[in-house]
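Let the hints inform the model, and build the full structure from the sequences given.
Sequences listed follow chains A and R, in order.
Residue numbering for the first sequence is -19 to 582, as defined by the working numbering.
Residue numbering for the second sequence is 2 to 261, as defined by the working numbering.
Each hint can be trusted.
If we take Cβ atoms under 7 Å as the criterion, some of the chain R residues that face chain A in the derived model are:
| # | residue |
| --- | --- |
| 1 | Ile17 |
| 2 | Tyr190 |
| 3 | Ala191 |
| 4 | Lys194 |
Computed from the model, here is a short list of chain R residues facing chain A with C-beta under 8 Å:
| # | residue |
| --- | --- |
| 5 | Lys73 |
| 6 | Thr192 |
| 7 | Leu193 |
| 8 | Ile196 |
| 9 | Met197 |
I should point out that these hints are in silico values taken from the structure, not numbers from a laboratory.
By construction, the Cβ of each residue, glycine as well, lies at the ideal position given by its N, Cα and C atoms.
The residues making up each chain are set out below.
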Amino acid sequence: MTSVATKRMVQGGEFLITDANPNSIFTRDDLEEIQYQIASAIKEFFEKEVIPRAEEVESLNADTIRELMRKAGDVGVLGLEVPTAMGGYGQKKSTALLVGESHTKQSSFSGCIAVHTSVGMIPIVYFGTEAQRRQYLTKLLSGEWIAAYCLTEPHCGSDAMAIRTTATLSEDGKHYIINGSKMWITNAGFANLFNVAAKVDGKKFTMFIVEADTPGITLGAEEKKMGLTGSSTRPVFFDNVKVPIENILGEIGKGHHIAFNALNMGRMNIGSSSYAQLKRSISISVKYAKLRKAFGKTIADFGLIKHKLAEMAIKAYAVESMAFRTAGLIDDQLQSLDPDSSDYLARSMEVLREYAIESSIMKVYGSEAQGYGVDEALQIFGGNGYSKEYPAERDYRDARPSRIFEGTNEINRMLIVDMLIKRAMSGTLPIVSTGEQIIKDVYDTGPLPQIDPDQKDSSPFSKEKTLISNMKKASIMLLWQAAQKWMIALAEEQEVVAAISDCIMETYAAESTYLRTLKHIETKGEESSTYHITMMQVFLNDAVMRLEITARKTLAVIAEGAELGASLKSLQRLLQWQPINTVAARRQIADKIIDRESYPFD
Amino acid sequence: MKIIVCVKQVPSRDAILRINETSSWIQDRDIAYDVNEPDSYAVEEALKIKEKFGGEVVICSLGPERVQVAIKEGLAKGADRGIHICDPALDNLDALAQARAMAEVIGKEGFDLVFTGLQSDDYGFAQTGVILGELLGVPSATIAMAVEVQDGEKSVRVKRELEAGWFQWYQMPLPASISIQSGLNQPRYATLKGIMNAKKKEIRKVTLSDLSISKDLLVPKQKIERVYFPVKSKKTEIIDGSAKEAAAKLVTKLKQMRAL
Ligand SMILES: Cc1cc2nc3c(=O)[nH]c(=O)nc-3n(C[C@H](O)[C@H](O)[C@H](O)COP(=O)(O)OP(=O)(O)OC[C@H]3O[C@@H](n4cnc5c(N)ncnc54)[C@H](O)[C@@H]3O)c2cc1C
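So this is what it looks like as structure tokens:
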């Protein structure tokens, strides 16, 4: 289709410097029927095969999990995003998001699928040789084999480059001998294949495909985890494990590219499971709230319970808006590639790397929103929330590690700013010039778009539009001032970096939510968008306040005295915003949730 | 074997139902639809017979645009093609009128077996299957719990569910119409491969103008007067007398209420 080819490429991180228009973004409402069809088949698989056997899975019955993985292979879920030429289904990222919504139904088993298909299969799909793919991919696609990923070690996780596992070439030059210990390895108990990170000659970071039954591999005991009890997580020990040289993944010394790219893709997935989990939290807690009586009413009648229900929905709406927007960016680019061209895989990988900033935002913002949801759902269940007899307890425990794996949220917060600065320095994104211009405008009381108090611009939601534009300016202003002050040493000022990340994340979330809402109004009319609009307005209202507080605190770290005064004044000019009545708005949203016993729409 | 399976889309089980403004039916805004439960079993039974004897499975559905999803689900599971009878004039008719439209299409198609679900989860009339058999001039069996094609594909043996745990085996010549009860098999779910293959399968659209049914035959003979939620009420009655007398009275009462 020519329209795809001619569509301008939106760069990763570009959202921060240009204002997008509603029609340029992808939203959940743009999904096609076939995508729903695929998602509903996989949902049915979960409901008919996995849920009835949830107890077996939770007690870590390896036979059950293997059998379910084979069935997952039959349905096709394991090959969803694998290119068709390799025996997969080459589906879009947006389809994967929709499919991911079923995954909240049994988090442990979903974790097994997630590790298998992302860090388990992606290295082989994108970096494997033809022979490696022939040997392993078919078995992984069918679920006959289960894959695991061995990066973390007892002494290092976030600091992945510090791994001590070594790979030494054998005397005959035909094997590498791997020695070392890995920890926290998901699927370890029943994996047939490990993608192992090791250093060749103790220096060159390299990934290897290692078959689980190779002599010298032993497993430690299952971790006594807080949640995800149906997912196998064990240490894996390598004692003189002989791996044929044909099993090197990619190039020697470049394994960290594979390791990090695979993680990057996993981050998007956490984003999707997080809004789906929020929706699930709403469904289970609203049903309970409608039945539970206190003080002569149902607890769903109480304002404070309504607040929680509404806030879960608002967060789900925002995260979902970001997730599909980001997926749309990726899909647009992937669709414009020719799957038959020789550099298709390399270019697909570039596309995924391009949106690494957005993926990190999805991971952090999504997992923290989900954290809010499982926590408040448990609270709505009261004492029963703390009991294993009710679903809120398990959800609470299962959701927690999302903030830890695929790069902790601390690491991802720093990555967001780090990646932006790298793009600015390399000139990929004109952040430096934009920053300079903004500083000039802000300080010189120049032509700064202000939120028009008299509403001269009568187009609907023009105030919101200006506000979002100014949130971007405020974020860039912070980034620019911090970079000016600390230069390269900014990375050492982690508190500042994380605060800037927070502002950037709020901005991406606010804009995505706003654009999605406007697109919905344009296509479906304002009348059918009542709840979209209300959720967007409450989100925006709160997001700008969160951003303002963070920015004010941070400016006080960067500057002092008169300079600080000027900065604060500029910030105030940018973020002038009259708060809306969020209580009335949240009650309205909650009433809809209570009526539908679920998220307000879809 | 050529088997035509009639499939209906009904509000999904967990949909929150509301009555419409005129109390004539439920509000169809904002609710999700699924394939009627026994119809899924009918599709599965047809696919199993096809796997054994070869032939063709055709999914036929009457209803608005949205029912295409139900047809495609059947195609994704392995049915060969679909027929969508789609005309606003045919929506909201009674079972007889809708069966007339379907019978004409099915009759022209030709078939060995017509499957319907036993009844639909929405109206629950349980009429379409039998009326279809009648209009098509073929024998019918209802509430099928097993279907065995026999005699070199010339007849079919059907296990019918009767009341109180009783079953009846019934043999009839083909072509025939059978209404399928839930639970007689394990419906498969669609796979990605099936969904991809289904993209190439034909769904033929039929509108009223393609049919030669006179308008007065479509006038419903049956109409829903009013839809309402059952009113929940509590009544306590004390049965007096000696324990023995009271127990006897209680049994009589429970029998009257058909609770025993
Ligand atoms: C359920 C589960 C499944 C897992 N599955 C796998 C798997 O399949 N394969 C695999 O290889 N690993 C797996 N992991 C491991 C996971 O990837 C690591 O736990 C994670 O990367 C964090 O590393 P760590 O535990 O060593 O924590 P550390 O790196 O020691 O971090 C501890 C704390 O310090 C913070 N911190 C670390 N460095 C910095 C820094 N530079 N600046 C600021 N703060 C910092 C972290 O954010 C964290 O809060 C799994 C973990 C869990 C919980």
